[in-house]
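K.L.:
As a plain string of letters, each chain reads:
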Amino acid sequence: MNVTRRTVLKTLAATGAAGAAAGVAGRAEASHEAATLVPDAMGLLYDSTLCIGCQTCTVACQRANGMPVDKSLVTINGAPFDFPSDTNGYNKTVIKLFQSGDRHAFMKMQCMQCVDPACTKACMLGSLHKVENGIVAWDPIRCTGCRYCQISCAFNVPKFQWNEAIPRIVKCELCRSRVDGGKGSACAEVCPRGAVIAGKTTDLLATARRRIAENPAKYYGEKDEHGKVVPKIYGEHDGGGTQTLYLAPADVSFEDLGLPKLGHEPPAQMAMNVQHTLYKGFIAPIALYIAAAWAIVRNLRKEAAAERAHREEGRHS
Amino acid sequence: MSAEARPVGGRILTPFFYVLTLLAAIMATLVLYRIFTGVGSITALTDGYSWGIWKPINVVTFTGIGAGAYAVGLLTYILNEGKFHPLVRPAVLVGALGYTLGGTSVIVDLGRWWGSVFLGFPPWYNASSILLEVALCVITYMAVLWVEVLPAGLERMLKDGSPKWKAFAERWLPRVRRVLPFIIALAMLLPTMHQSSLGGLYMMAPTKEHALWFTGWLPFLFLVSCLTMGYGSVVAMDVLLGVVFRGRYRSHMKLLGDLAKVSAWTTLFYVAFRLAALAWEGKLGEAFHLPGPAPFFWLEIALFLVSGLMYLSPAVRRNRGRLFLAGFVGILAGALYRIDTYLIAYDPGPGWHYFPSLGEILVTLGLASVGIAVFVVVVKTLPILALGTGRDAPFDASRPTR
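Same order as they appear, the protein sequences are chains W and X. Residues 1 to 317 (my numbering) are what the first sequence spells out, left to right. Residues 1 to 402 (my numbering) are what the second sequence spells out, left to right.
Everything labelled a hint here was simulated from the structure, so no lab data went into it. Beta carbons: idealized from backbone N, C-alpha and C, even for Gly. Any given hint could turn out to be false.
Said to hold, decoys possible - For lysine-lysine, the following DSS-like pairs were computed, each having C-alpha atoms within a straight-line distance of at most 27 Å:
(1) X:K283 / W:K261
(2) W:K228 / W:K130
(3) W:K130 / W:K218
(4) W:K183 / W:K130
(5) W:K261 / W:K280
(6) W:K302 / X:K261
(7) X:K283 / W:K223
(8) W:K200 / W:K96
(9) W:K302 / X:K380
(10) X:K380 / X:K254
(11) W:K218 / W:K228
(12) W:K223 / W:K261
Claimed, not checked - Chain X residues, not near chain W, derived (Cβ > 10 Å throughout):
(13) R11
(14) P293
(15) V306
(16) G321
Work the whole structure out from these sequences, hints included.
P.N.:
In structure tokens, the structure reads:
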């Protein structure tokens, strides 16, 4: 057995050991507890069956948040038209239309205010963080503009101002800056049909359940384990729960509306399990450092001794 | 004292150097323009694809190539294969450059780059952020690598400097040498952390990442493939240097052959592990689900296999051209795995598209040019390359190059 084969075996053994450690991490269940709904959590309830797509909410949102008129996206007969096709660096909420055959429904896009958001986990310096009422807020001072929040958000909510020298991350914060003035979410205030209402998430859930109870056939449902179709409130459990909730018409699924199919766990849960196991108390990295330093010092000493012996040999001969 | 590492010498302002300078100047102009007009002005990035080629190429591939310092360091210092010493210094220099360029690219890519000063303010650290861990690790490792390069500069001072510089080097060289083992230990720990986390970043996007790439093993697969990239870069570079500096530098064919064997088994282990993990997770069927990104998966596997199997052949290990190819394919394999994970396998949803803009490509080329230019200048002027131990020179284990 030559030296290199031994080296190969040693390398593989070391790699295997590291792999085993990572594997343990991968299987580590609930090493990181998912957050739960805070009692005073606030959100929106959007009922797609009531929305007429007037986009008053979009305009009210822009005004309430001091956003400029967005002329960049839609032109009709060559003239700019202030109806953005998606949320972007200047629009925190828009209405989209889903259409397939004779099925159609409107969809309001804005931040979901996740109970256990991925963006606040991704954010390096805690720029995106939870504030009062469980609202996810953005702090400009702590933001480096890395945009990892955009990668990690399953709903593609955070938007970035791509053509600004001093760009911002833009997302719905439930008009929390208006609360001091005694006002609430602008979109809910102006909605002529009550398609979007604002309030405590627990109250919104109750409202959604009441609407479903009054007219179960009107709302979209999914089969439970017994094969029975049960009306569904999106966000009640999806992705660990969201403070903003959705109801869809019976013939249009939430996926049709552009909402991702998520389990009951927060999307970042697996990543957090792995990360918090590997780096728990920073013990593994410190142990690895001590082991490495010990091996290096020992090996260098051996080498120096060999060099000395060699030199002395040279002197004697 | 370094017995074999010596400056290669030779003219610095070659036509090739001017071409590199031009590419670097174009990059600098674009970066300056971007500072005043925003990230979107020179990139094709969107709110769907908010990270483009700068991340998987400039950061993850550049540092993957730079991982030669880590990969060879592991063998030399931890597994006590002292014979690889002659390959360490150039690998460390490539590492220092790769990481510095990767870091520079991140700063250019950061929308609010001035905010990164707060990376030095621990009270704001978010312990859950995988990206924060990567950022802090990479910044620290960058410093570590340059400290490892330091002795080369001090040795040159000692040899050719004015009396004042000589005195300075005499004072500092032993001090640097004394702390070096503890710096090297950091140089072993930090890449283990951040090279794995560079893969771990995409564990945060389970709904967007294709099943063939999304797994809890992402950190481990990135770690192993950074080793194969590192070995590939050391092998390919040493052969290349022997060609470029013909007559002055001879490739360490015997050492590279040994390194190739290590790399072969690491590469084949990676392939076996990747396939086994997919089978274990019951996702192997996805690989036959066309169309979609599956062909890229097979291309990756093919590149890894070609590189690994080539390394195994004694005929390849003896032939400079073929050995270079094996190393180069090894780099390509790792690079494709990174690009696939970050872009090809990443799907933010319907309606989003990305293809790199000319600006992005020119910045990438410019950064690579800076790296190559600085590398060439440094090996010509500082004792980096082991000129006396190449090719058929008998290896003398008792006289390390350090």
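K.L.:
Tell me the hint numbers this structure goes against, listed in increasing order.
P.N.:
2, 3, 5, 9
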